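**Student:** Here are the chains, one letter per residue:
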Amino acid sequence: NEGKELSKEEKQRLRKQKKQQKKQKERKNEKSETEKEKTPVSLLPPPRPVATQKAPSALPAPASAPIPVPASAPFHSSPAPSPADKPAKSKAELKAERRARQETDRAAKQPGSSSSGIKTKVPLSELNPVVKRLPEHVQVDDPAVVKRLAKKLERQQIPLRSDYGYKVSLFSHLHQYSRKAPLTQQLSIPSTVIHPSIVRLGLQYSQGIVAGSNARSVALLHAFKQVIRDYTTPPNEELSRDLVNKLKPYISFLNQCRPLSASMGNAIKYIKKEISNIPSQCKEEEAKTKLLTCIDRYIEEKIVLAAKAISKYAIEKISDGDVILVYGCSSLVNNILCEAFEKSRKFRVIVVDSRPRLEGREALRRLVQRGISCTYVLISALSYILPEVSKVFLGAHALLANGYVMSRVGTSQIALVARTFNVPVLVCCETYKFCEKVQTDSFVSNELDDPDDLMVTRKGKTQLENWQDVSSLGLLNLVYDVTPPDFVDLVITDLGMIPCTSVPVVLRVKNLDQ
Amino acid sequence: MELQAVLMAAGGGSRMMDLTYNTPKPLLPVGNKPLIWYPLNLLERVGFEEVIVITTKEVQKMISTDPKVKLDVKMKLDLVCIQEDADMGTADALRHIQQKVKTDVLVVSCDLITDAALHEVVDLFRAHNATLSMLMSKAHEFTETVPGQKGKKKTGEQRDFVGVDDTGKRLLFMANEADLDEGVVIRKSIMRKHPRMHIKTGLVDAHLYCLKKSVVDFLADNKSISSIRGELVPYLVRKQFSKSTNSPKVIDETHQNLKKNDSNVNLEIQISSRDEELLHLTQERSCWNDHRGDMSDAYHGGRLRCYVHIMDEGICYRVNTLAAYIEANRLAPKLFDEPAVHPSAVVSERCLIGADSIIGASCQISDKTSIKRSTIGVSTTVREKVKVTNSIIMHGVTIEEGCNIQGSVICSNAVIGRGADIKYCLVGSAQRIEPDAESTNEVIVGTDQLMEI
Numbered sequence: 001n002e003g004k005e006l007s008k009e010e011k012q013r014l015r016k017q018k019k020q021q022k023k024q025k026e027r028k029n030e031k032s033e034t035e036k037e038k039t040p041v042s043l044l045p046p047p048r049p050v051a052t053q054k055a056p057s058a059l060p061a062p063a064s065a066p067i068p069v070p071a072s073a074p075f076h077s078s079p080a081p082s083p084a085d086k087p088a089k090s091k092a093e094l095k096a097e098r099r100a101r102q103e104t105d106r107a108a109k110q111p112g113s114s115s116s117g118i119k120t121k122v123p124l125s126e127l128n129p130v131v132k133r134l135p136e137h138v139q140v141d142d143p144a145v146v147k148r149l150a151k152k153l154e155r156q157q158i159p160l161r162s163d164y165g166y167k168v169s170l171f172s173h174l175h176q177y178s179r180k181a182p183l184t185q186q187l188s189i190p191s192t193v194i195h196p197s198i199v200r201l202g203l204q205y206s207q208g209i210v211a212g213s214n215a216r217s218v219a220l221l222h223a224f225k226q227v228i229r230d231y232t233t234p235p236n237e238e239l240s241r242d243l244v245n246k247l248k249p250y251i252s253f254l255n256q257c258r259p260l261s262a263s264m265g266n267a268i269k270y271i272k273k274e275i276s277n278i279p280s281q282c283k284e285e286e287a288k289t290k291l292l293t294c295i296d297r298y299i300e301e302k303i304v305l306a307a308k309a310i311s312k313y314a315i316e317k318i319s320d321g322d323v324i325l326v327y328g329c330s331s332l333v334n335n336i337l338c339e340a341f342e343k344s345r346k347f348r349v350i351v352v353d354s355r356p357r358l359e360g361r362e363a364l365r366r367l368v369q370r371g372i373s374c375t376y377v378l379i380s381a382l383s384y385i386l387p388e389v390s391k392v393f394l395g396a397h398a399l400l401a402n403g404y405v406m407s408r409v410g411t412s413q414i415a416l417v418a419r420t421f422n423v424p425v426l427v428c429c430e431t432y433k434f435c436e437k438v439q440t441d442s443f444v445s446n447e448l449d450d451p452d453d454l455m456v457t458r459k460g461k462t463q464l465e466n467w468q469d470v471s472s473l474g475l476l477n478l479v480y481d482v483t484p485p486d487f488v489d490l491v492i493t494d495l496g497m498i499p500c501t502s503v504p505v506v507l508r509v510k511n512l513d514q
Numbered sequence: 001m002e003l004q005a006v007l008m009a010a011g012g013g014s015r016m017m018d019l020t021y022n023t024p025k026p027l028l029p030v031g032n033k034p035l036i037w038y039p040l041n042l043l044e045r046v047g048f049e050e051v052i053v054i055t056t057k058e059v060q061k062m063i064s065t066d067p068k069v070k071l072d073v074k075m076k077l078d079l080v081c082i083q084e085d086a087d088m089g090t091a092d093a094l095r096h097i098q099q100k101v102k103t104d105v106l107v108v109s110c111d112l113i114t115d116a117a118l119h120e121v122v123d124l125f126r127a128h129n130a131t132l133s134m135l136m137s138k139a140h141e142f143t144e145t146v147p148g149q150k151g152k153k154k155t156g157e158q159r160d161f162v163g164v165d166d167t168g169k170r171l172l173f174m175a176n177e178a179d180l181d182e183g184v185v186i187r188k189s190i191m192r193k194h195p196r197m198h199i200k201t202g203l204v205d206a207h208l209y210c211l212k213k214s215v216v217d218f219l220a221d222n223k224s225i226s227s228i229r230g231e232l233v234p235y236l237v238r239k240q241f242s243k244s245t246n247s248p249k250v251i252d253e254t255h256q257n258l259k260k261n262d263s264n265v266n267l268e269i270q271i272s273s274r275d276e277e278l279l280h281l282t283q284e285r286s287c288w289n290d291h292r293g294d295m296s297d298a299y300h301g302g303r304l305r306c307y308v309h310i311m312d313e314g315i316c317y318r319v320n321t322l323a324a325y326i327e328a329n330r331l332a333p334k335l336f337d338e339p340a341v342h343p344s345a346v347v348s349e350r351c352l353i354g355a356d357s358i359i360g361a362s363c364q365i366s367d368k369t370s371i372k373r374s375t376i377g378v379s380t381t382v383r384e385k386v387k388v389t390n391s392i393i394m395h396g397v398t399i400e401e402g403c404n405i406q407g408s409v410i411c412s413n414a415v416i417g418r419g420a421d422i423k424y425c426l427v428g429s430a431q432r433i434e435p436d437a438e439s440t441n442e443v444i445v446g447t448d449q450l451m452e453i
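Sequences listed follow chains A and B, in order.
Using the UniProt record's numbering, the first residue of the first sequence is number 1, and each one after it goes up by one.
Using the UniProt record's numbering, the first residue of the second sequence is number 1, and each one after it goes up by one.
Quick caveat, the hints were computed from the structure, so don't treat them as lab data.
Everything numeric in this text was worked out from a predicted model, so none of it was measured.
Be aware that a few hints might be false.
Said to hold, decoys possible - Dumping the calculated BS3-like pairs for lysine-lysine here, alpha-carbon to alpha-carbon at most 25 Å: (1) A:K8 <-> A:K23; (2) B:K188 <-> B:K243; (3) A:K461 <-> B:K169; (4) A:K312 <-> A:K510; (5) A:K152 <-> A:K248; (6) A:K19 <-> A:K180; (7) B:K200 <-> A:K459; (8) A:K459 <-> B:K169; (9) A:K167 <-> A:K180; (10) A:K151 <-> A:K246; (11) B:K368 <-> B:K387; (12) B:K368 <-> A:K461; (13) A:K28 <-> A:K95; (14) B:K138 <-> A:K180; (15) B:K100 <-> B:K61; (16) A:K437 <-> A:K510; (17) A:K246 <-> B:K102; (18) B:K169 <-> A:K180; (19) A:K346 <-> A:K308; (20) B:K74 <-> B:K57; (21) B:K223 <-> B:K200.
So that you can see chain B by itself, here it is in the shape it has in the complex (with noise of 0.2 Å):
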């Protein structure tokens, strides 16, 4: 076997609680499907047939009770849960599995919608034998309104700085503005290597990483590390350019460090020491080179190499912010071919259904009412002469006649009274709102969810 996927659907969305204090992360729904089903759908097309997904207890409760939660894939399902409330970062959750991981890993997260050709990672992956391979993609900006957001956008969120080399391809430096007081460093040793980098911010991480299994075991004894995204990566990155890994005495001593009492893992790292001299008697008698310029051999005798393919166009979003999931929504029914309105919704004959909205399954759609540019959930009802434009509805939502509805999200379960006027609103799961109700630009939650900071 070459690669297990792991799906990370542990989160909390903790960016947009408004939305998952009721409705965990991975089901919310983004264009009537689960928002687990993009990540499971991307591995599923691409050829896995087994995904080891990292989920909390309740999620799985979700996913095995709830019919309308419909996970139509075909791969089989591992599900792992782990305690919602031990905190747990991604590298935690690796560890957790360490068993379970035999060959190198391909973690995605829960949350990545996307239409990227896998095999460009993949390929990264394999042809430079690389430790580490990831995805970026150039960050759009968000153009729809935000329900809820008075003013402007904070600008001068934390940014990520990206260094890559001149092929584009190899990953050279990466760090959060948080982790630098100053100003970005750089060290001269890389400098010497690669003298030409590229340094961008404008990237979204895709949180798409190819592992290889000795990163896993590393990770097990080294338990200090929690997160993949924040300290794994650029653990790795900086590692590539560190006096230590180059020199091969202490490359012994880290495979020492990497053995483990499993007699499996001993004959792997003694296999791959035996082959090592092929390996480099290929690399001595091939006439290649990753950079010219000066004396070193090939990645400059380096054992350890990040990747990064940074996709120029293309759908790639994560939706962890409000501003996303609203994103997402409008863009997904690009990724999947099914008919916009579901065959069991109920949909009157003298009502406006715009062509880019969709109506899910079992819905009633009453007459008289026009649907521009949403999502209506599955089993919501709509009442006459109601007018929805630009929002998101979800599931088992009631609207009464002569609302007006705009640029909102209404989450599941709520109840609109009749002639409500909502423009870029967020009302909140199971929320009544008044008849007559003129609110903009509110977010209208229960007040037991206030009390959570």
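Bound-form chain A, shown alone (with noise of 0.2 Å):
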């Protein structure tokens, strides 16, 4: 209680010691890490939400905070520029500065310094809620991150990619690179830092090569297989804890080249446990085809067997007479509509089409090729087309914990307006893209792809062609967008046709059963 009851002033002096103090813990952490672990444990107090707060806004917030100060600071350097200088502290103040001292050391266990894409969630103990921190691909335009970022890539000298161009403000902080500027311009050939493998891959990815969730996923896995059969275990290392390191370089470049997909990034984690879970006396040659049967049997399971069983729920929803709309250029879907016509499924296709990437030309090829009837429309004249539809069906790059749908940009027009004409959208996701990340919005995690791709010459003539040149225009191509889980009416699984709603029960199950 006495916590609520602290002034603004002693707020603001509580906040400055928890900083100094947290840069002297770091700095004393190496040396009396296992002692400052015993006494904040018994002293804990009750959980303060006011207080708990400031500890991690604190630390990323304040864009200058992490910067480090001289070392000089002593320890019990009273808070320097504090409105009132209370000469005698009362009780109130002192079990405040103790309790300030405890979120400071709690803080300072953290991994403080550890950068890792994937958030990190670091349960402090039981009592305290838990403490997630910003990736660090959305905080681009902080310049210690980028520090950090680039000393990382150092140590597994990998280099760094520059961005490119002037970015929109909202997206500032995100990532914008450039086609014409690889990665691999500053690599030797030939590449004996990085599997020559994982290079081919990366040089794929950002060309747009391999695009597409499932086609990445596969692609990635592929060339996992070709680094494991050329690994060998050097003499006392384990492979379990060796390969995973390993692999560790090769994904800081595949980032570099093209952040990566939440399909992506569960397959990693697939691989990384599997590997981990390799048993010590295991020989290095069953080791290795043992994985690279793990590998096999996640593409069988996850994507092939799982596009069957999509196919299979998703025909029963096809009924003869359907106009069903889809966008963009999306492999499940796809093959959705193509083994539907080949069970005699009578309908016909709307594809639906955006600039800069026009996808829906690949997926109208295909389409038409199978010998559906096909009609092409870009998304402006989406409005026109709609009441002719009686069904939408979209493919998904991701399923979000709250139940939003992260997919191409444009999605979550088709899918608003879609719910304005009364058509049902059915959105079919295989359940190994589904991701515990939480996003209202598309402007805090997306993607920045090329700006050079918006501009299009006609006629001979590039009118964006010297838009680097205009210091008040900004070329924005985004790539991915969320739509909220009232637009979508069904979401079609491997395991079944559940709401958008039931994508956290899915989350939980998938958590048991691993």
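Two chains, two frames, some hints: make the complex.
**Tutor:** Here it is in structure tokens:
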């Protein structure tokens, strides 16, 4: 109760104290780590929502905070410019100070400068709420985070890819790369640090040759198979630990070429788990074959068989005489439509496409090749064409834990307009794309593609050729957007047909299985 | 290991016999460095650690014994000798080292001087899983007068026709004028798959090829192919569109053909065919296509692909003619940052040395000489009152007083007598020019060389 009565100045003073003490603690952490681990635990107060919120906010929010202060600040230096310098500290203030010190101890115990793209959930104790930190790839405008990333890449001997062009201010916290500056420029030929199949994969990602969530995951697992085949355990090392460490720089490299997708992230988690579960007495050849079969099984179960199961469920939903609207090129939706056509359902398809990727053309080709009658429109004609449509089938890049669907930019528009016309929207997604992230808007975490893709040459003239010279012009090429669950009527997964809000249940069941 | 570098240094320099009858082509000095240094430097800069150098016994001897021939490269050089008189083509040489080739190869010619970004060529090779990837450059006109050439340059030299697709990267057609009887013949299958083709003629082939290992194995079986540039590359380009490579049944047969008794190679083919399904699955699920407008899959389902990277700007020369040699000498200093005047050269104070001249080690330049836009080789002596303009002086030359040398090439160990006036001449190796001689536009070589045809 005394905490809630802390005045504004006291709160400020506490914050500054914590900041300085945290820096001291980080330095002293290496020396006396074990001691500190014992003492704060015994003195833990009951959860105080105000205080705990201060700890994480003090760390990432003020942009200048993580920049190290010169080491001369002594441990017990009083908070320097405090408005009310009370000479006699009251009992409340002493208690608050003690609590503040405990907060900083706890904060210092966290893996402070470990930088991993995936959020680190650090359960400090069962009493305190979980502290989530922002992933690095959405903090590009924070110079300290960028420096940390550069240091990590340097340690792993991977070149840093520099951002390109002016970024629109709303998205300046994301990376924006140019396709004309591939990462291989800074690598040696032949690549020795990074396995050749990973370099090839990175190139294929950055040039868009392998695009689409399923294709990227399959290609990633294929490359990992080559890596595992060529791997030899160095002496005095264990395969289960060393191979995971070998994979880390490769993953950073691929991340630099193109940010990892949710499906790739899940595949990597699975592989890492399988590798660490290899018993230490297992011989190398045996372990390698085991891993290779694991990868094959994963692909077979989660991608190939899942596609078959989803097609089976989805075909029940397609009736004769349907007019189905699809957007962009989703491998799963194309698969469903082709299978439905083979099972002699009578329907026609409307393919909606959008610039700059124009992926719908590829979807159109694949469907027409099978003999399905299709119509092709651009997304600007959506409301014109929707009265004809009976169902909308959408693919997904990932399904988030709060039921939102993350998919190609433009999907949420389609879902919105379809809802206004009362057309059912069905999202098809395999369970391995379910992600524990939570997002309610498309701004926080997204991907910025090469802005030069927006330039188009018509009749020999490229209007936007010198867009960089115009200071007030920014080109924005977003890749993903999120669709709220109220616009989605059904999600068809390999586990069955579930409403959008059941995604957390599936995730929980998956976690229990593992 | 991803790529192995192979440097072809066994060529005879048949188009510049005047220069090469005494010095083998790989060791001709360009900017006071042996010609072979340039491709080796390129490979080293890019990050190669070992190179297989195919050369003749003579060159190998000279590299190891001659102190002037400094090869200050840090890479490991694996010198493979072939008989000089065996008349081996470049493909024959590759067949010769087939046992050493364990991965894909990057074949470079010793006469290539370029500052190209090699990663462009290799990226095409990697990203599209290509069988062949090569480098070409827009040809530049040679502006310098070539000594010994009487009259205009022969026009109508054998042209190369290179056909690329709309993106400018995929190689669709390659033929030399010599192989075409009446006109350029293009198969209908190519036009059906790639309706827009750009045919270029003014390109210089840099003779830099990335080849898959299976091509080297294929060469071992097909002994009729002897030159990479003349026969192998056009063959591969044609094979892209032949019906047999695209049908799956025949592919198994070609796999059988490529199999050797070596069990490692067997395994590799087995591995690649095992994972073919994964690659196929990836391609199926990926929403990318390299062309649009027809109903076929990416790459038209073809398994053999050839790519080319065409440089627009930058230096790219093949030093296989005299004109190219002179031009390369002009531009070579731009490729490395050593000081123009070697520190060990003794240069007297009252001489004028232009900014774009290079003076080699242990030279002696006396008073009142003027050296403009020229290259002076190692251990050359230049006496007083000599004017050297626009010329290339190789190693060990002695130029007596009062000479005037303009636009000429003086080969190693020659002696130019006092007061000679040499304009646009080529003075062969170890030749003596009498004092007060006046030569314009001549090729002065020894009588024994004249006998060679």
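**Student:** Could you check the structure against the hints above and give me the numbers of any it violates, in ascending order?
**Tutor:** Hints 6, 12, 21 contradicted; others consistent.
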